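So the chains spell out like this:
Number of protein chains: 2
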Amino acid sequence: MGIHIIAEFRGVDPQKISKVEDLREVLDRVVSKSGLHVVSSSFHQFEPHGVSAIYLLSESHFSVHTWPEYGYMALDIFTCGDDGPALKAFELLLEEFKPKIFKRRIIRRDIFGQSASQNIK
Amino acid sequence: MGIHIIAEFRGVDPQKISKVEDLREVLDRVVSKSGLHVVSSSFHQFEPHGVSAIYLLSESHFSVHTWPEYGYMALDIFTCGDDGPALKAFELLLEEFKPKIFKRRIIRRDIFGQSASQNIK
Numbered sequence: 351m352g353i354h355i356i357a358e359f360r361g362v363d364p365q366k367i368s369k370v371e372d373l374r375e376v377l378d379r380v381v382s383k384s385g386l387h388v389v390s391s392s393f394h395q396f397e398p399h400g401v402s403a404i405y406l407l408s409e410s411h412f413s414v415h416t417w418p419e420y421g422y423m424a425l426d427i428f429t430c431g432d433d434g435p436a437l438k439a440f441e442l443l444l445e446e447f448k449p450k451i452f453k454r455r456i457i458r459r460d461i462f463g464q465s466a467s468q469n470i471k
Numbered sequence: 351m352g353i354h355i356i357a358e359f360r361g362v363d364p365q366k367i368s369k370v371e372d373l374r375e376v377l378d379r380v381v382s383k384s385g386l387h388v389v390s391s392s393f394h395q396f397e398p399h400g401v402s403a404i405y406l407l408s409e410s411h412f413s414v415h416t417w418p419e420y421g422y423m424a425l426d427i428f429t430c431g432d433d434g435p436a437l438k439a440f441e442l443l444l445e446e447f448k449p450k451i452f453k454r455r456i457i458r459r460d461i462f463g464q465s466a467s468q469n470i471k
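So the sequences go chain by chain: W and Z.
The first sequence begins at 351 in the working numbering and counts up one residue at a time.
The second sequence begins at 351 in the working numbering and counts up one residue at a time.
So that you can see chain W by itself, here it is in the shape it has in the complex:
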């Protein structure tokens, strides 16, 4: 029913990810271009730098947490329905932040997943 892209970006320009105002502009653009639908968004500025950003989407959510001192971002894109917008958002994030290294995991969020049976109470 849903795709969850879990990603880590390293080697990102710290200037791009230090302040809410800079990061927000980029993330708003990515969300808009990828065809995701925003219900609301919240941002938090850490001092002296670092940002948390969360978009509540009609498709589920999109979050970014940054540690500029390490050039590091942790990203989550969780959407229900068509996978297309989430995959598009991920490609746009790569283009915008140009990490030197990244790790991407894709998880299926499904109601009827096989491995659920491992935890039947």
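None of these hints come from the bench; they were simulated from the model.
Bear in mind the structure is a predicted one, so any value in this text is a computation, not a measurement.
Be aware that a few hints might be false.
[What the hints assert, rightly or not] Using 30 Å as the maximum straight-line C-alpha spacing, the simulated DSS-like pairs for lysine-lysine come out as follows: (1) W:K453 to Z:K453; (2) Z:K369 to Z:K438; (3) Z:K438 to W:K453; (4) W:K448 to W:K438; (5) W:K366 to W:K448; (6) W:K438 to Z:K453; (7) W:K369 to W:K383; (8) W:K383 to W:K438.
[Said to hold, decoys possible] Stretch-level coverage of chain W by chain Z, calculated; a stretch enters the list once three of its residues show a Cβ under 8 Å from a Cβ in chain Z: (9) 354-362; (10) 383-392; (11) 421-429.
Every residue, glycine too, gets a C-beta built ideally from N, C-alpha and C.
Starting from the known structure of chain W, arrange chain Z on it as the hints suggest.
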């Protein structure tokens, strides 16, 4: 640097997860009891039922998406620092929602993860 608990609950009482006002009360209690620190929270009511809830935490974030028609919830608890509060929150969520079946995955969100080298550009 961080723990991310990704969970699916099935067989949850639909009454508990249909409306923002009911769900919010439980989630606020779980967050408070587990020692997590809330920066802000956002909720969305789907019609005729179903809720998305996102807590921006000083530790990262906590999100819940519900599909009462399937007795299903998708949960994410992503925290930096000590694992204790995230694990405590998960236990409290099990106690509150009493899923008949659940699936839990734990992912390490780390800046210097080994598998990152697979994607060096």
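Checked hints:
The straight-line distance between the Cα atoms of K453 (chain W) and K453 (chain Z) is roughly 23 Å, inside the 30 Å bound, and the hint therefore holds. Between K369 (chain Z) and K438 (chain Z), the direct Cα distance comes to roughly 24 Å. Compliance with the 30 Å bound is thereby established for this hinted pair. As the CA atoms of K438 (chain Z) and K453 (chain W) are separated by approximately 28 Å, the hinted pair is consistent with the 30 Å bound. A C-alpha spacing of about 15 Å is found between K448 (chain W) and K438 (chain W), which places the hinted pair at or below 30 Å, so the restraint holds.
Taken as a hint, the K366 (chain W) and K448 (chain W) pair is honoured in the structure, with Cα atoms around 10 Å apart against an allowance of 30 Å. Distance restraint check for K438 (chain W) and K453 (chain Z): the Cα-Cα separation of roughly 28 Å lies within the 30 Å cut-off, and the hinted pair is therefore satisfied. Only pairs whose Cα atoms come within 30 Å are accepted, and K369 (chain W) paired with K383 (chain W) is accepted, the gap being roughly 22 Å. Note on K383 (chain W) and K438 (chain W): the hinted pairing holds, with a Cα-Cα distance of about 8 Å set against a maximum of 30 Å.
With 4 residues having a beta carbon nearer than 8 Å to a beta carbon of chain Z, the region 354-362 of chain W meets the requirement of three or more and the stated coverage holds. For the region 383-392 of chain W, the stated coverage by chain Z is satisfied: 3 residues place a CB nearer than 8 Å to a CB of that chain, which reaches the threshold of 3. By the rule of at least three residues with a Cβ nearer than 8 Å to a Cβ of chain Z, the coverage given for the region 421-429 of chain W holds, with 4 such residues.
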